[in-house]
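Just so you know, the sequences run in chain order B and Z.
Just so we're aligned, residue 1 is where the first sequence starts under full-length UniProt numbering, counting upward by one.
Just so we're aligned, residue 1 is where the second sequence starts under full-length UniProt numbering, counting upward by one.
If you're looking for bench data, these hints aren't it; they were derived computationally from the structure.
Quick reminder that beta carbons are idealized off the backbone N, C-alpha and C, glycines included.
Some hints here could point you the wrong way.
FRET-style restraints, in silico, Cβ to Cβ [what the hints assert, rightly or not]:
hint	chain 1	residue 1	chain 2	residue 2	range
1	Z	D399	B	Q522	22 to 32 Å
2	B	E91	Z	E339	25 to 35 Å
3	Z	Y391	B	E350	49 to 59 Å
4	B	I344	Z	K167	54 to 64 Å
Below 30 Å or equal to it, Euclidean Cα-Cα: the simulated DSSO-like pairs (lysine-lysine) are [to be verified]:
hint	chain 1	residue 1	chain 2	residue 2
5	B	K618	B	K586
6	Z	K568	B	K347
7	B	K51	Z	K493
8	B	K62	Z	K396
9	B	K57	Z	K396
10	B	K62	Z	K350
11	B	K331	Z	K564
12	Z	K389	B	K51
13	Z	K564	B	K259
14	B	K331	Z	K493
15	B	K259	Z	K493
16	B	K331	Z	K568
17	B	K51	Z	K396
18	B	K259	Z	K287
19	Z	K320	B	K259
20	B	K331	Z	K82
21	Z	K388	B	K51
Chain by chain, the residues:
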Amino acid sequence: SVSSSFPFSLLSISSSDETNTIDGFEDILEERRNSSDLKYALRCYAPVLYKGVTPCKANMLKNIVLQSDQLHYVINQVSQESGEAPDIIQEEASVILEEMAHRLQISTVRFFAFALSKAFKTLFQHVCVNEEGIQRLQQAIQEHPVVLLPSHRSYMDFLLMSYILYTYDLALPVIAAGMDFMGMKFVGEMLRMSGAFFIRRSFGGDKLYWAVFSEYVKTMLRNGFAPIEFFLEGTRSRTCKSLTPKLGLLNIVIEPFFKGEVFDVNLVPVSISYERILEESLYARELLGVPKPKESTSGLLKARRILSEDYGSIHVYFGQPVSVRSLAQGKVNRSTYNLFPRHIPRKPMEETQSFVNDTAYRIVRLQEDNMVLKPWVLMASLLLQNLEGLELSVLTEQTVWLRGLALSYAAFLDWPDHAPTAKVVSSSLALHRGLACVSGGRVSLVVGEPLGPVTPEEALFNRAVSVLSCASYRNQVLHVFLRPAMLAVAMLHLSDEVYNCFSFLWDMFSNDFILCPGDIVQDFEEACYLLVKTGAVQMPQQDIVMTDIGQPTLSFFNGLLEPFLQGYQVVCRYLCEEASEGLTEKQYIPAVRSFYSVLCVFTGNLRCYEVLSSDMQKNALAALLRMDAVRKVKVADQVTLIVNKMAVNSIDDILGKNRMISHINQTQISPGLSLVAVAEDLYRDGLTPSYIR
Amino acid sequence: MGRSSVRVLAAATITMTLTSTVCFPRQEIMKWNGWGYSDSKFLFNKKGQAEFTGKRYSILGMVLPSLQDWFENTFGASVNHKSPATPALNASAVPPASLNEAFVEDLKATGIPFSHEAEDRVFRAHGHCLHEIFALREGKKFERVPDMVVWPNCHNDVVKIVELACKHNVCLIPYGGGTSVTSALECPPEETRCIVSLDTSQMNRILWIDEKNLVAHVEAGIIGQDLERLLNESGYCTGHEPDSMEFSSLGGWVATRASGMKKNVYGNIEDLVIHIKVVTPRGVIEKSCQGPRMSTGPDIHHFILGSEGTLGVVTEVTMKIRPIPEYQKYGSVVFPNFEAGVACLREVAKQRCAPASIRLMDNEQFQFGHALKPQVSSIFTNFVEGLKKFYITKFKGFDPHQLVVATLLFEGDRERVLQHEKQVYDIAATFGGLAAGEDNGQRGYILTFVIAYLRDLGMDYYVVAESFETSVPWDRVLDLCRNVKERINRECKERGVQFQPLTSCRVTQTYDAGACVYFYFAFNYRGLADPVHTYERVEHAAREEILANGGSLSHHHGVGKLRKEWMKESISSLGVGMLQSVKDYVDPDNIFGNRNLL
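Construct the complete structure from the given sequences, taking the supplied hints into account.
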């Protein structure tokens, strides 16, 4: 039967337990509200380190790195290739290290402890941390080198992490941060002194940089000087969906295990859930193509007005430490590292690469599983399926229904105990009053009113901002429903061969969602299991049949994925109908945006605003590239997209059965008028930063 | 100090030149269910203090006051909780001999002595693996033991026995000193033919000594200490001193690729042999001359060295001898930690100035060695010891729970030894090493010889112990040691061992490109249903960890049946195929059917 074959793997550790409550959380702000922040910042801080090592001064650490065999090898190599003297290269390495290295100072940490206490108390109602996770972490830090892998939704994340570890008297992590912070002169240095080290965003071919960087990280890890912290997702997720993990740093921290330099490495997934994200509307604008403000100190100061708002609570869940040794058991043969000197950098073997990739996905899924969901994310999911708004009573009723569904799918839901549902709904609406409002008993999304007269494209843009902001909450619950939802879509629209359709969607969406490579069968089984469990489908023999009571569940799921299906379809449409020869990769995103805007302006009946999001556009393109429907060709510095229209068309067909968007092309647009040209005109004015105050 | 006695084993000999009796009862002077001589053993006396009985070793009669504390604290054991061994062999536990009558008839005609007494057969049914000794002590029923034992007296006797074995399809298992720790002497349970243990102990003569070429021609059954003693009488030595040399035989060394403590001066067995004579089912293999090196295709000696009794019986060996060194001196160096010690040994190897022996004991072994210090008689010695300790731990700031000690043995003419000694101590000083005296060095080497006796003591009190070894490139020594220890600790925990195990290692040999590392591993097994099984699973995991960390399957113990499963991984399946094809050619009917190695 399906249920018995459903693999309760690593992933089910945290979330399969349906009694997963949030009882074990402790609000660390509570004590801050009752005792002196200054005392707290100045208290004795003496964390236990790995196997009792003595902490290493930043300068000593640099020396170890600069004198390492690993680095010397690369310095000589670079020197031979470039003809420069090794001393000069060594000097370069030293400069790189200087630019990169952290300079953790307890006084700075204390300053942050004080300042953040003040800020957090103003911004948040609670900062809740699971105590058990802290205890596990404390144990792990003493036994093995630890890598902290938090989810990344906000700039706040790493300050928050260090703040929590300081609070619990745990060793402060060193944190890999993007170089962009360095632009914020003073703040950059402050962050450096609180444990951040800075890496350039791209250094693809720079051997020396890579060598300094990886040796720096490995030295800290091997010696257990401090836990290492970085964001697997590479950057803040602007959509609140988890991002496809980046493997570079993970490779670096895992390699010392394969080479036998450490007995084990513990990976600790950390899920940071914000009830309201500080960057909420900023993200939506960014996704719509308004460039993100450059990190600058003055920008940060302007952000002070943020301080006057209520951002609800934060939940930080420290997951079960994952032993790399246990994960690698039977998957990677470490003795293959025996025949090559360990200090010579080498591309990881295929076996290793796929292990690291797999591990990264698993960790991100653990992050997802331990995200604490608020009632609002359920409400946002419902609102987005009813853009015209819906009765408050209906919303309340459906939220209750959805809560039941989410709980039976083991969602980690923070639903207030003993509070009447109406109260829960209304207080959620109150907290998110910038996104939704109630008027005349109807709940609908709030659309920002721009100054002055509104052009159609301005209206569209405003609408899109509010939809994307709202979507960032819906996205938080997607991981709970994703697999059954894909099955539901496969059943409702593409029902010829359910498994084939499921696997088509699985493949298509594997950039948008965290779908572990190779887990397709497992995911299908999980989807079946969950739908059967809630009675939405039955599985007599080999068939999957919808039950009578399954209708609402399946149609909710269908609605949940609708924006993605539509979005991808718009992209396909654009590529088939409008894309000119020689379309470059750079032009692609604005072009799709324009195409869609024009469609909207001309037809007025489109509602998949999410396709305006650069995130979705990129993911759709990545999917098409993966499916060989589009190829990239490099022509003189420019990357051009070659579209296989037949292939794109057929993907569009599969996606588009029964979908209203398929009627669009019947809308007549006057021939000879280049849609893109029109759109560009419209769009240029509409979406410049100056438009947004 | 001159050449006195670490030769702990001064007065001992087990060579018995018996002429008329049919039976050659080694078991009369040796334990049937433990290590070494029957009259030598550790015990806790009525005061609870440890002593070592018998007159054979230099620590005889001495009281070891700290051993009990160390033992109880290290293992959580207690001298009040005894797990005594079955006192005598229960003959009914031994399966009856299934004899090949025709073979026995023909053998009688040759006049070669043989026996099928239960004691003789059981004695040759095992080596000294933990599971083998544990089973003997428990008085377990034996699954399969040799059906008879033969005692050839010379090469020609062996030729006759092998011919008869081929004629009557009898399985032969050569038996030398019986010190195997690889299950190599275990009879394959599935063997249905009559199994004959071929005991080489009567082939124990030095046939000639050639002083011009400095070689000696020796029968392969000779035991290590006898060989050295006899050669010493003529002013020579081989210098080959494996830790088992009190009991192991020359033929056994050849068959397992043995390594001696002083290999830095004299070489390992493969460097020492000039000529080997082997009787196989196909006939006798030997070379036609004694040239010191040959380019005549792959060296056939290397098919024999390490063949573990699967191809035939080594009967005679010509090996290098050296004049007895004029002067011998022990020494020791204390390092602040294991890392510093390993770095020093690496440097010594790099400068190729290793003394005859240089070994680095980790902190656990250092403390163990300390526990074996005999009672100090005078207050003055006590005071001096106290001062030394103060100097090292307080003045030099060494952490007593981190510091390690290297033991050294120098050999040669006096002047050069002293020069050499200075060179080594100077190198040690650059790694923070402090010279710690001759006594500490000497005690380290005594530990080597008495450790196996100590295992028997442990087994009397619910503690099982074993050792295993590997060889590993220099840059991986530290990582391998740390990871293997950690793996053992972890596996013990996971497998329900209730007490913290003792894991300890030492670097025992240095080479240009790497080192030999030796592990001791012991734990208190109270509360475990099947301690031997638990032990074996942990050792298995430890071996996997060794291989994953770049260590070899074995440096000198061999493969036997214990480590067969990793042979393919170690030498590739093609390599195994090459060895198999040699076996198939030399012994097509698997007369030498101990099933070791392949």
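Tested hints:
1. Checking the proposed 22 to 32 Å range against Z/D399 and B/Q522 shows it is violated: the Cβ atoms sit about 51 Å from each other.
2. Between B/E91 and Z/E339 the CB atoms are about 30 Å apart, so this pair conforms to the stated range of 25 to 35 Å.
3. One distance hint, 49 to 59 Å for the beta-carbon pair Z/Y391 and B/E350, holds here, with the actual separation near 56 Å.
4. Hint check: B/I344 to Z/K167, Cβ distance near 59 Å, so the stated range 54 to 64 Å holds.
5. For a cut-off of 30 Å, the pair hint linking B/K618 to B/K586 stands: about 11 Å separates their Cα positions.
6. Of the pairs offered as hints, the one joining Z/K568 and B/K347 holds, with about 27 Å between alpha carbons and a cut-off of 30 Å not exceeded.
7. For the given pair, B/K51 sits about 18 Å from Z/K493 by alpha-carbon distance, which is consistent with the 30 Å threshold.
8. At roughly 28 Å between alpha-carbon atoms, B/K62 and Z/K396 fall within 30 Å of each other, so this suggested pair holds.
9. Among the hinted pairs, B/K57 with Z/K396 is consistent with the structure: their alpha-carbon atoms are about 24 Å apart, no more than 30 Å.
10. Restraint check for B/K62 and Z/K350: the C-alpha separation of about 28 Å stays at or below 30 Å, so the hint holds.
11. Distance restraint check for B/K331 and Z/K564: the Cα-Cα separation of roughly 23 Å lies within the 30 Å cut-off, and the hinted pair is therefore satisfied.
12. Straight-line distance between C-alpha atoms of Z/K389 and B/K51 comes to about 26 Å, which keeps the hinted pair within the 30 Å bound.
13. For the suggested pair Z/K564 and B/K259, the alpha carbons sit about 25 Å apart, so the restraint of at most 30 Å is met.
14. Proposed proximity of B/K331 and Z/K493 is supported: the alpha carbons are some 23 Å apart, at most 30 Å.
15. With a C-alpha separation of about 24 Å, the suggested pairing of B/K259 with Z/K493 holds against the 30 Å cut-off.
16. For the given pair, B/K331 sits about 19 Å from Z/K568 by alpha-carbon distance, which is consistent with the 30 Å threshold.
17. About 23 Å separates the Cα atoms of B/K51 and Z/K396, which keeps this hinted pair within 30 Å; it holds.
18. For the hint pairing B/K259 with Z/K287, the CA-to-CA distance comes to about 44 Å; that exceeds 30 Å, so the pair is violated.
19. Straight-line distance between C-alpha atoms of Z/K320 and B/K259 comes to about 41 Å, which puts the hinted pair past the 30 Å bound.
20. About 44 Å separates the Cα atoms of B/K331 and Z/K82, which puts this hinted pair outside 30 Å; it is violated.
21. Between Z/K388 and B/K51 the CA atoms are separated by roughly 29 Å; this keeps the pair inside 30 Å, and the hint holds.
Of the hints listed earlier, those the structure fails to meet are numbers 1, 18, 19 and 20, in rising order.
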